Structures are given as structure tokens and as C-alpha cells.
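Chains A and B, in that order, are what the protein sequence lines are. Read in order, the letters of the first sequence correspond to residues 1 to 292 in our numbering. Read in order, the letters of the second sequence correspond to residues 1001 to 1288 in our numbering.
Misleading hints may appear alongside valid ones.
What the hints assert, rightly or not - List of simulated lysine-lysine pairs, DSS-like, C-alpha gap at most 25 angstroms:
#, chain 1, residue 1, chain 2, residue 2
1, A, Lys138, B, Lys1031
2, B, Lys1280, A, Lys111
3, A, Lys111, A, Lys172
4, A, Lys195, A, Lys172
5, B, Lys1253, B, Lys1031
6, A, Lys138, B, Lys1253
Said to hold, decoys possible - Incomplete in silico selection of chain A near chain B, CB under 10 angstroms:
#, residue
7, Phe39
8, Leu42
9, Leu183
10, Leu199
11, Pro229
Hints listed in this document are in silico derivations from the structure and should not be mistaken for laboratory results. This one's a predicted model, so the numbers in the text were calculated from it and none came from an experiment. Quick reminder that beta carbons are idealized off the backbone N, C-alpha and C, glycines included.
Spelled out, the chains give:
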Amino acid sequence: MLQSKTRDGRWFQIGVGIFLTTVLLIILIPFWRVIVTAFVPLDTYITEGVPFFLPLKKWTAEAFTQLMGHTQFTIALRNSVIITVLGVAISMTLTIPLAYGLSARNLPGRKLIVAIVLFTYLFNPGLIPVYLLVTSLKLQNNFLAVILPPALSVFNTLVMMGFFEGLPDDFKEAARLDGANELQVLWHVILPLSKPILLTIGLFYAVFFWNEFFTPILYLNDGNLIPLPVLLRNILISSSLNEFVEYNAFSTTSVESLKAAGVLITMLPMLLLYPWIQRYFTKGSLVGGVKE
Amino acid sequence: MYLLMTPTLIYLLVFKYIPLWNAQIAFKDFKPLLGVTGSPWVGFEHFQTFVNSFYFSQLLTNTIFFSLAKLLLGLPVAIICALALHETVLRRYRTFVQTVIYLPHFLSWVIMFGVLLSILSPGDGLLNQIIERLGGQPIAFMTSPKYFRWVVVFSDIWKETGWSTILYLAALLAINPELYEAAAVDGANAIQRIWHISLPGIVPVIVLVTLLRMGHILEAGFNQIFVLYSVPVYSVGDILDTWVYRQGLLQFKFSLATAVGFFKGVIGLILILVANRVAKRVAQQGLF
Chain A
1 MLQSKTRDGR WFQIGVGIFL TTVLLIILIP FWRVIVTAFV PLDTYITEGV PFFLPLKKWT
61 AEAFTQLMGH TQFTIALRNS VIITVLGVAI SMTLTIPLAY GLSARNLPGR KLIVAIVLFT
121 YLFNPGLIPV YLLVTSLKLQ NNFLAVILPP ALSVFNTLVM MGFFEGLPDD FKEAARLDGA
181 NELQVLWHVI LPLSKPILLT IGLFYAVFFW NEFFTPILYL NDGNLIPLPV LLRNILISSS
241 LNEFVEYNAF STTSVESLKA AGVLITMLPM LLLYPWIQRY FTKGSLVGGV KE
Chain B
1001 MYLLMTPTLI YLLVFKYIPL WNAQIAFKDF KPLLGVTGSP WVGFEHFQTF VNSFYFSQLL
1061 TNTIFFSLAK LLLGLPVAII CALALHETVL RRYRTFVQTV IYLPHFLSWV IMFGVLLSIL
1121 SPGDGLLNQI IERLGGQPIA FMTSPKYFRW VVVFSDIWKE TGWSTILYLA ALLAINPELY
1181 EAAAVDGANA IQRIWHISLP GIVPVIVLVT LLRMGHILEA GFNQIFVLYS VPVYSVGDIL
1241 DTWVYRQGLL QFKFSLATAV GFFKGVIGLI LILVANRVAK RVAQQGLF
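Chain B extracted, bound-state conformation (with noise of 0.2 angstroms):
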């Protein structure tokens, strides 16, 4: 048995554990030429660098805002979207709607790109030639720090709403149906059926999903950002994982990125910690 886990282990020491041996370049002066363990150490000088710099509540903000944001507005959309799906008797219906809403969830956020400039480009974007048919003038929605991070929030709820609704559904599927038979029975409505029996059914996964992505705050969604942002919109579109790209790959700071990546990582790890305890106790399940 432990011969069969032997390669996947090896393949963990390789390509999990060496970066994290060489994250100490965080504490040191990373030259090329020295290697990671030649480069002298210099403490937490890159860390005091970071968090002196104006950069540190820039792009903390942004990433919180963009975390925060996709969170408390996509949540109510997913359970609305999932207590509809429950409720229709139209089962051919829903089964069409459950397919479509999933989709977006496999796309790259190259080809979301694609599908978000025929919306919103300036010349051919539908929503642009609708606030023209109106008399307005068109916005240009990518690359205007205005509406840069709204296009963000939106094209993420867009995307991921659908398949986010798996969980609640799957939640609503597990409720006893006697529950549903009695309040017929005692002349319930729907209204009253979805505010007594569905909504206190589901809140355990709402608190879990909930939990988990506070544990995940600082994962703004890099991949989105990587593809959708450009130069005009980085005072507000820069999170944590662009920086450190920009920085580390693109300045050649290695230390620096590295370091502010191993501030995110230090964070992340304490706050899913964090989440993981909070859920044993509220919802007696953990999150792993």
C-alpha cells in the first residue's frame, strides 16, 4: 500500500514542499546567481517594506472589497435562484434551467472575457448600444475605474451563481418531505412553507459556505482579474496575487512578491483555521 502511495508522495515532497523550502527567500535577499540558500538573510525587512508602502491598503482594500462583495451579493442570488428551482413543478423546465446555469461555471475567464466585451465594449456592447437607443453615451465599462470593480463583482456572480446553487439544492433535496405534507396539511402557503421549513433547512450549508469563503477572503479570484484588468483600472482592480505577479515576475523583486506571498499564505492559513473551528462549533461539521 505504501509502495502504490509512494510516487504521489514523492510527486508532493517535489512540487508542494521544495516551494515551500523556498519561501525563506521571503526572509533573504534572493540573487539569482546565490541560489535560495546562498542569498544572505535579512529578516523581515520585505515584510516592513510591503506594509510601510501605500500599496498594503490598496491592495488589501481591493481584495477584501472584491471578496466581500462577490460573497454577501452572490449569496442571497444563489438561494433565491435555488429555492425557485425547488419550488417549480415544471420538472422538464427545471432540469433545462439547472443546465444552462451550470455552464458559465466551466468556461475559462478568457472566454468570459470574450462573452463580457460583446456586452460591454463601447462600439458593438449590447449594453452600451441599449444606453445609446436611451440617448446616453457609451461607457466604457473595462476600463474605467468607476465601474471596474462592479464589472468584476457582476461577471463573477454571472459566472458562479449557477453552480453555487448545487450546494442549496442538494441542502433542500435532504429535507424531510413529512415536513412539507404536514404544513400542507395545516394550510401553509408557499411563502410561509419556504420562510419555515426550506430557509432554517439550508442554513447549515449557508453558515458553512459562508464560513469557508471568509476562510478564503484573500483569494480575490486572480485568474478574473489577470484577464479582465489593464493598466487604467489598477488603482482599483490590484489584488494580493496580481501584485506579487506583477512584482515578483515581472520587476524581478523576487523577495518582495515572495514575502507579501507568504504574508497571504500565513493569513489564509490562520483564517481557514479560524472558519474550520468556528464551523465545528455552529454547525457541528467541520470544513475537512
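Same shape as in the complex, but just chain A (with noise of 0.2 angstroms):
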């Protein structure tokens, strides 16, 4: 990154070296445990439990195919796919316009809208006058009740509303002069030109509802719509896993492997997305507006 190098480079280098392979490694090992655990064959795990390295040949995918056999895993992730991409499309349709709309300077009332905006970010009145409203409007056991209440990011909002300035006004003011109202030019001029921000603000969207366990917790109680970390959860807190999958005296892997799998099962998605949402951060699109 430093493109002039002093005299003193090469022990310091090396010393910078040795400091991000032990940061690499400190990040790195606890994945290492957790995939050998998963992985792990039963008469290995009983005789000398999880041995740091596994050899090749050892390695089997019992807990997973255990576990993908489960019609409960299955359900949840069909659960946490919708609940992920209704919740993105949603966040989307409303961020979006809004982001449009203040990005528009001279707007006459644009700062008493910036104004109820930013009032919902600062103030939070807390859980409870959250639930009272879900609950009234009968939301219990819908995917809704865990979708809405988060579903615009203020945050994500402004963010996007950055970006929307920086574009060049000369196309919407010839789209406009073509007589095209506002939504057509947003539709067919701005979002065209929006990709590379569109694709990461969706991106967090679906990381935040991917991730989401307390809200489904709290308002999915039908056993038949938890997500998946929701699923994870219960199975890792549950001593004997006799409610997930059939565990007994003739099983073939171990509950302490069953458990590491959910978590590399769960994890999967998201280190699918990862190199994408990755591309853009480290492209460095993003860093002017992250401020958390």
C-alpha cells in the first residue's frame, strides 16, 4: 500500500508479517475446530474425542447427511429462503423511493421528512411498544411480523441516498423533458445506473434477514415456520437432540458433530454471498458511508 520503502523495511516488514499471520490465525482456528468436528467419525470422537488434525482419509459426512435428512432442517431452510428474499424485495420497494425523494436537495419539506426519518434512528422506544403493535395487527406466526418492524434501515437508507446524488442530473432532466413522471425516471434511468449500489444494499438486507433469530423467536412460535438459526439454536442448547433427529445408541456420528454441521450448514449461505458483498466493500464504494 506504501509505495516508498525506507531502509529500515526488512525486519519491520517481517514483523508485520508475523502480527497478520497470528491475527490470520486467531480468525481462523475456531472454523478449523468447528469443521473437523463436524466431520469427525464416531469411533474417533469416542476413543481420543476431537483431535486437532483429522487424517484424510477419515474424514466423513455422516452428520450431514443425518441431519439434511431431517424434514424439521429442510422446513427451516425453506422458511429462512423466504423469509430472506420477501424480506429483501421488501426493504428494497421501500428504501429505495425514499432514498430517491431525499436525494432530491431542493424538495420543498425534504428536511421535515428528513426529519421523521433520522427521529426513528435516534429515538427507539423499545421492544414491548413493538410487540403490542405486531401483536395487534395479527401478525403472530407470519413471516410479516418478522419482516416489517426492521424492514427499512435508515442507515442503509442514507447510504443509498449518497449515492443517488453523486449521479449526474443531466438524465433526469432530459428523461423529464420527455414528459416521463418520477417513477419512470427512477425506473428507467436511475436504477439502470444504480447496479453496483442496489446489489450491496440488497446484499446487507439479506445478511440481516438471514441472520434474524430473536424476532422469529419472539413471534414464530408454530414449530413449522422457524428459520434456520432459529433451528440452530434449539439444537445447540439441546443436550440429547432427540427432538431433531432420531439420536440413539445406534447412531453413527455424534451429537457434538450433528451440532458442529448445523453451524457450517447455517454459515453456508452467507459465505456463498460473501465474495460479493466483499467485491464492493473492498473496491471501496462503500467506505465513505460506513460509519459503524
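Using the hints, build the complex out of the two chains.
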């Protein structure tokens, strides 16, 4: 990153390299442990527990087969996908028009709208008042209970607004002169130019909804509606797992392996999305906006 | 344009402003049958109950401890990581390290709970295996009141430090490269370069981040603690938010829980406005 190198470079660089490698290992070793735990065969687990290194020919995917073969798991996976897709769709539908409207600096009444929006960010009346609203709307055991209350992120709106502000005005003016209304300008002119920010904000919403577990615990009591993280939590805090898989003396994998496999399966979609998320923030397009 | 924004504004009205209206039950004796408007007013009774209860100091202590410890211990680590990433000449390695250390930020605390178990659990946890190998007794970190607080603090630092380097790294990249060239010409070594150019260059960001975090000092990490804590560690792990949840939704003391949530909201609002004012004065830049 630094172009000019000074004379004392070598030892300093070795130190920096060792430091970064240490940080890297501190992050990676716990994940490595989860991976080995998920793939360790039962006989090895019984005789020596979870080894740090597992010989290649001993790896077994037994825990994954058992988990994925269970209907509760596939149902939870389906629920997670629905919540995430529907959540992103609703969030984007709410965020884009507001961000676009606020990007018009000379819009009369803009200050009032900004105040209305910003106040919801600054003052949070807490959990119970929202709970009362959701129950009064009869949204329990409905995915909308999990999606709607957090659907609009003020922070994401402001980041998107900043992007819209940076777009050249000429296109908008030309379209307006052609008689396009604001919705048409937004749809035909602005959005095609905004793919990077739409993808970035969409991915941030996707990560949020995929990871949600508290509101599903609160509002989705029906076992057939719980998403993956909630199922994973139930698996992690239960000692026997009998309610989740048929686990008994004849089982071919350990409780610990099943738990670790659950962790990895829940993580996988984030790992698959991650390269796309990462592409944008390492480029620095988001850096200016990220304040937290 | 207004028409375009109307659906979102209606959404805000329903999902952000109706809860605000519902928050009046903090000053009422809420009975579900009577509804929000029908329940009788009791003034500040619930606030007094809370402030006089022994929970008050315990919850506030825990909440502020978690916020401050995460900030004070996490900040130097993040700064050192950002400096190291900035200094290294191995470009590809840097990108790889960045990719890896940002990742935990995107994972749910439920997943982190599973990862922590693989390190800290008394049976198979790596740390406990090491302790046993060295001749010690395994420690139940997650359920021991002695260790739980540090599990919370260090797991948060482990998860979020990588992501927080992004801001410092951006600030380091914004420093005028001529300064480094001039320093090299003057024969400055790496430490002098970091001390006299890099660090002063990111001080405004450090100040801003610290102020923002101080403004959110009552947000101690609800999701994290909700997943990690258990009955044996309530006394050292309970924060305002988790207590509100248990009182309100498990014991149905709606009004008391709302009063505590409202109290937290008001303090939070004041703190963030003060932080913003200070940021404008000190760093010539507001937080929002």
C-alpha cells in the first residue's frame, strides 16, 4: 500500500507479516475446529475426542446426511429462504423511493421528511411497544412479523441517498423534458445506473434477514415456521437432540458432530454470498458511508 | 415525488410511530383488555419502581461495562490491525487477510455461539483441551459468572474487530502520499512514519468512532448476550435489553418493561445528540 520503502524495511516487514498471520490464525482456528468436529467419525470421537488434525481418509459427512435427511431441517431452510427473499424485496421497495426522494436536495418539505426519518433512528422506544403493534395487527406466526418492523434501515437509506446524489442531473432532466414522471425517471434512468449500490444494499438486507433469530423466536411459535438460525440455536442448547434427529445408541455420528454440521450448514449461504458483498467494500465504494 | 415516497412514509408511520404512541403505557398500568388508550395513568410509578429496585445498578453496571470494555479493548486492536494492513508490502496477502477478518461480522451470533462452543466447551473445547494437556481442570467458561463477562467482551472483539478496521484503513488510504515520500527522504523509519504521519492522520476517525460508540453506550449487544447467556450468569450478564425482554414478554410486566425501554431510549437520544454536538466541535464533522 505504501509506495516508498524505507531502509529499515525488512525486519519491520517480517514483524508485520508475523502479526497479520497471528491475527489470521486467531480468526481461522475456531472455524477449523468446527469443521473437524463436523467431519470426525464416531469411533475416532469416542476414543480420542476431537483431534486437531484429522487424517484425510477418516473424514466423514455422516452428520450432514443425518441433518439434511430430517424434515425439520429442510423446512427451516425453506423458511429462511422465504424470509430472506421476501424481506429483501420489501426492504428495497421501501428504501429505494425514500432514498431517491431525499436525494432531491431542493424538494420542498425535504427537511421535515428527513426529520421524520432521522427521529426513528435516534429514538428507539424499545421492544414492548413494537411487540404490542405486531400482536394488534395479528401478525404472530406470519413471516411479516419478522420482516416488517426492521424492514427500513435508515442507515442503508442514507447510503443509497448519497449514491443517488452523485449521479449526474443531465439524464434526469432529459427524461423529465421527454414527459417522464418521477416513477419512470427512477425506473428507467436511475436504477439502471445504480446497480452496484442496489446490489450492495440488497446484500446487506439479505445478511440481516438471514441472520435474524430473536424476532422469529418472539413471533413464530409454530415449529413449521422457524428459520434456520432458530433451529440451530435449539440444537445447540439441547443436550440430547432427540427432538431433532433420531439419536440413540445405534447412531453413526456424535451429538457434537451434528451441532457442528448445523453451524456449517447455516453459515454456508453467507459464505456463498460473501465474495459478492466483499467485492464492493474492498473497492471502497461503501467506505465513505460505513460509519459503524 | 411525494407520491413516490408515500408508501415508505406510511410504513414509517405504522411501524415506527405507532410504537412511539404505544410507549405511553410506560406511564400507565397497562391491561391488555383495556388496551393502550384505555389503561389508567400512573405517572412515573414504574420508573420509580425500577430506579429503586436492586436491578437498576446491576443492569446499568453490566450494560456500561460491556460497552466500555468492548470499546476500550477493541479499539487499539482495530487500529493496530489497520496499521499492519496498511504497512505490509504483500498486496495479495493483505487482501486475503482482509477477506478473512471481515467475514465474522456477517455471521449471526447463533453461529458464533456454535463456534465459541468448539473452543470453550468443557468437554471438547480446544482451549479446555489445552488446559487439560497442561494439567489444569477444564473450565465452564460460558456458564461461569467469573468468566462470562470476558467471554462476551472477547467474542465481540473477535467477531467485529476485523470489520471495524475498514474505517481506519480508509482513513489511512486518504492520507496524502507525499507526506510518506517526504518522510522517506528525511530518513524516517517505520515507527516514526506511523507515529508522525499515520496515527495523526486517523485521529479524526478515531474520535468520531469513539463518540458514536459513547452515544450508543446503552446498546451493549442484545443479540449476542441473548444467545450466550444462561441462568447461572444472569447476575453478570444481564443488560437493560435482556431484562426488558424477560420482564415484559416472559413475565408480562408490559408497563414496567416499557418504562425501562423508554428510559433507555431517552438516555440514548440525549447521549447521541451530545456526541453529535461534540463531534461537530472537535472533529468539525457531525455523526449524522
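Notebook entry, point to check: Going by Cβ atoms only, is Leu183 of chain A closer than 10 angstroms to chain B?
Noted result: holds, 6 angstroms
Next item on the list: Return the status of the interface hint for Pro229 of chain A: holds when the least beta-carbon distance to chain B is below 10 angstroms, violated otherwise.
Entry: Result: holds, 4 angstroms to nearest chain B Cβ.
Margin query: Does the closest beta carbon of chain B sit nearer than 10 angstroms to the beta carbon of Leu42 of chain A?
Written below: Status violated, d = 14 angstroms.
Next item on the list: Go through the hint on Phe39 of chain A and say holds or violated, using the shortest Cβ distance to chain B against 10 angstroms.
Entry: violated, 13 angstroms
Next item on the list: Would you check the hint for Lys1280 of chain B and Lys111 of chain A, treating anything up to 25 angstroms between C-alpha atoms as holding?
Entry: Since the Cα atoms of Lys1280 of chain B and Lys111 of chain A sit roughly 20 angstroms apart, the hinted pair holds (cutoff 25 angstroms).
Next item on the list: Measure nothing beyond the straight line between the CA atoms of Lys195 of chain A and Lys172 of chain A; if it is 25 angstroms or shorter, mark the hint as holding.
Entry: holds, 17 angstroms
Next item on the list: Mind checking the CB of Leu199 of chain A against every CB in chain B and telling me if the closest is under 10 angstroms?
Entry: violated, 15 angstroms
Next item on the list: Decide if the proposed pair is consistent with the structure: Lys111 of chain A and Lys172 of chain A, CA atoms, cutoff 25 angstroms inclusive.
Entry: holds, 22 angstroms
Notebook entry, point to check: Given the hinted pair Lys1253 of chain B and Lys1031 of chain B, is their alpha-carbon gap at most 25 angstroms?
Noted result: At roughly 10 angstroms apart (the allowed maximum being 25 angstroms), Lys1031 of chain B and Lys1253 of chain B satisfy the hint.
Next item on the list: Starting from Lys138 of chain A, check that the Cα of Lys1031 of chain B is at most 25 angstroms away, please.
Entry: holds, 18 angstroms
Check: Straight-line Cα separation of Lys138 of chain A and Lys1253 of chain B no greater than 25 angstroms?
Finding: Holds, at roughly 20 angstroms.
Violated hints, listed in ascending order, are 7, 8, 10; each of the other numbered hints is respected by the structure.
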